[in-house]
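For the protein sequence lines, the chains are A and B, in the order given. According to our numbering, the first sequence holds residues 881 to 1222 in order. According to our numbering, the second sequence holds residues 881 to 1222 in order.
Treat the hints as calculated values from the structure; they're not laboratory data. Misleading hints may appear alongside valid ones.
Result set (BS3-like, lysine-lysine): computed pairs, CA atoms no more than 30 Å apart in a straight line [what the hints assert, rightly or not]:
| no. | chain 1 | residue 1 | chain 2 | residue 2 |
| --- | --- | --- | --- | --- |
| 1 | A | K1084 | A | K922 |
| 2 | B | K1084 | A | K922 |
| 3 | B | K922 | B | K1091 |
| 4 | A | K1084 | B | K922 |
| 5 | B | K1091 | A | K922 |
What follows is the residue order along each chain.
2 protein chains.
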Amino acid sequence: MTAFVGVSDTVRWIGRRGAETIMAEMADTIEDDFRRWRSFDKTHRMASHTPFGVIELMPISDAELYAFKYVNGHPFNPARGFQTVTAFGVLADVHNGYPVFLAEMTLLTALRTAATSAMVARHLARSDSQVMAMIGAGSQAEFQALAFRAVMGITRLRVFDVDRMATAKFVRNLAARGFDITVCDTASEAAAGADIVTTCTADKAIAQVLKDADVVPGMHINTIGGDCPGKTELDPLILERGPVFVEYAPQTRIEGEIQNVPADFPVTEFWEVLAGLAPGRTAVEQITVFDSVGFAIEDFSALRHLRSDVAGTDLAHDIDLIAAPDDPKDLFGFAVSPVPVS
Amino acid sequence: MTAFVGVSDTVRWIGRRGAETIMAEMADTIEDDFRRWRSFDKTHRMASHTPFGVIELMPISDAELYAFKYVNGHPFNPARGFQTVTAFGVLADVHNGYPVFLAEMTLLTALRTAATSAMVARHLARSDSQVMAMIGAGSQAEFQALAFRAVMGITRLRVFDVDRMATAKFVRNLAARGFDITVCDTASEAAAGADIVTTCTADKAIAQVLKDADVVPGMHINTIGGDCPGKTELDPLILERGPVFVEYAPQTRIEGEIQNVPADFPVTEFWEVLAGLAPGRTAVEQITVFDSVGFAIEDFSALRHLRSDVAGTDLAHDIDLIAAPDDPKDLFGFAVSPVPVS
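Produce the complete structure using the sequences and hints provided.
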């Protein structure tokens, strides 16, 4: 049998464990997997593009588990009453190829994206960081805020979104949760005085939601929304001001902020910092940039974390995805009822 | 909601509709899709190889539906009590990217493979064919026999397998189903007098289960078991004796019988025959070869056929794989319970 965790199960999981606890623990799982980066068989994602959007399969494996995520991106969906992104994922045992775990990943991806951001900031942002600017108050925003509080202790937020309804939703969702939130009229105003700037905007454009002039020494910039060709958020001048960290350089050069700079622009893969192979932040005044596009290892980590956390609970359900006849050569006898002897 | 069809549902479907009826109808669905070959966005499969075996993702789409199949191949599995191959598949709507259908495909692949073989033979074998030799009596054998009866009216079988237990299982499974079965001691004996020869053996080797001397004018050869690098079934001399038809040439050159001949060996993609762009069989004495490796369009066809056939019945079940908040920007409010106002 294959274990299944659906959307309602994930909602109940978050309700029971708490989003912050989940993301703090998941950040550790992701960090553990980043530390053993070389043990993964990494590959490009497989994308099917149409005028409506894109559907992608993202596989990855280590010696024990194979994972893949199905994810779509359809920018016109919200105007038509659909979600822009939906996702689900599967874990399989490498030794026999059996799919053992199937889960929704629309919510899980939101959790793992924020957990990754916070985990990376734990190593790259100044340890005395107190204030985070949030440019973009859409689907990912509250998850980022909670993850940064859980992992970094950030409680002071300065938020700006071009859509005031989104800002109002953000404030409403977080108001009773103990944050000190300042609503700002511009991105520059939000960034003013922030130790960390998170950009998570949705427009599919080569945008500059954060200007070079908004960036001051000591900042850590966590840029989430630039995550596919033709969709970026930073003034490219910012990338020149301090070291740029990425997940997996071959993918980020196509999808991240660094698509706007030459192909030989120097970047550090963040796992190298964890492995002690490259420096992270080396000075208080340094500006650090995490150019995040989302990588398959994060999905792998999130799936195995979820699987482990819900094992044996009523949040996982068996579904019969695996045909297992007693005699492996007798698939027919398994599938087809015998003819009654008359 | 996403519709789910599990293994037990597929078994009940076969029990209700009958394997022959299903494969005859599925053959028509596959033929319809082969006729509109150019309307598909075809791509290579994505394989993850380990010493244990391989796990593959096979995506394909037309303008309306996107499909992918997950399938593993683990040759040492049977000795360890596991199935060599398990599979499942997904259909998604191209216009919004939502996964709408999830089904087991271990059984469905057996049905579609046999339906494809019979559909192709309907066009390439002599129309007066009466006798089929079956070399290999493993998992796929009975499905092939039933599909060829349903589509071509074949009732006389000559069967050989190196494993006499497999042959006994084959006879037992088909005995009460009205076939005239001759058990043979060698592959050559099985082929003698046959109009159609189906090879479906399991050894991962460059084998010659069918020799050049076994092949006589007028035969149609349906070779199923040569389906990955290093796994073939035919004496390559046979390929020189008549036209060779394949599903998708770039894939078959890597995986099929034609991996044993030069890369410029001429083949015909079978859809071209259906489209009137290439000849099929042109003479009664001709020897025709269908070098089948299995192609993603067949899975696409099988999934849409199953989905259509079980729609509205108790064979399909809703699973909640899609998170759909009322406000697309408020994923957090959908996922996380509000803090109680004290």
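Against the structure, the hints:
A hinted pair counts as satisfied when its Cα atoms are at most 30 Å apart, and K1084 (chain A) with K922 (chain A) qualifies at roughly 27 Å. Restraint check: the Cα-Cα separation between K1084 (chain B) and K922 (chain A) comes to about 27 Å, which is no more than 30 Å; the hinted pair holds. Restraint check: the Cα-Cα separation between K922 (chain B) and K1091 (chain B) comes to about 34 Å, which exceeds 30 Å; the hinted pair is violated. Restraint check for K1084 (chain A) and K922 (chain B): the C-alpha separation of about 27 Å stays at or below 30 Å, so the hint holds.
Straight-line distance between C-alpha atoms of K1091 (chain B) and K922 (chain A) comes to about 42 Å, which puts the hinted pair past the 30 Å bound.
In this structure, the hints that do not hold are numbers 3, 5, in rising order.
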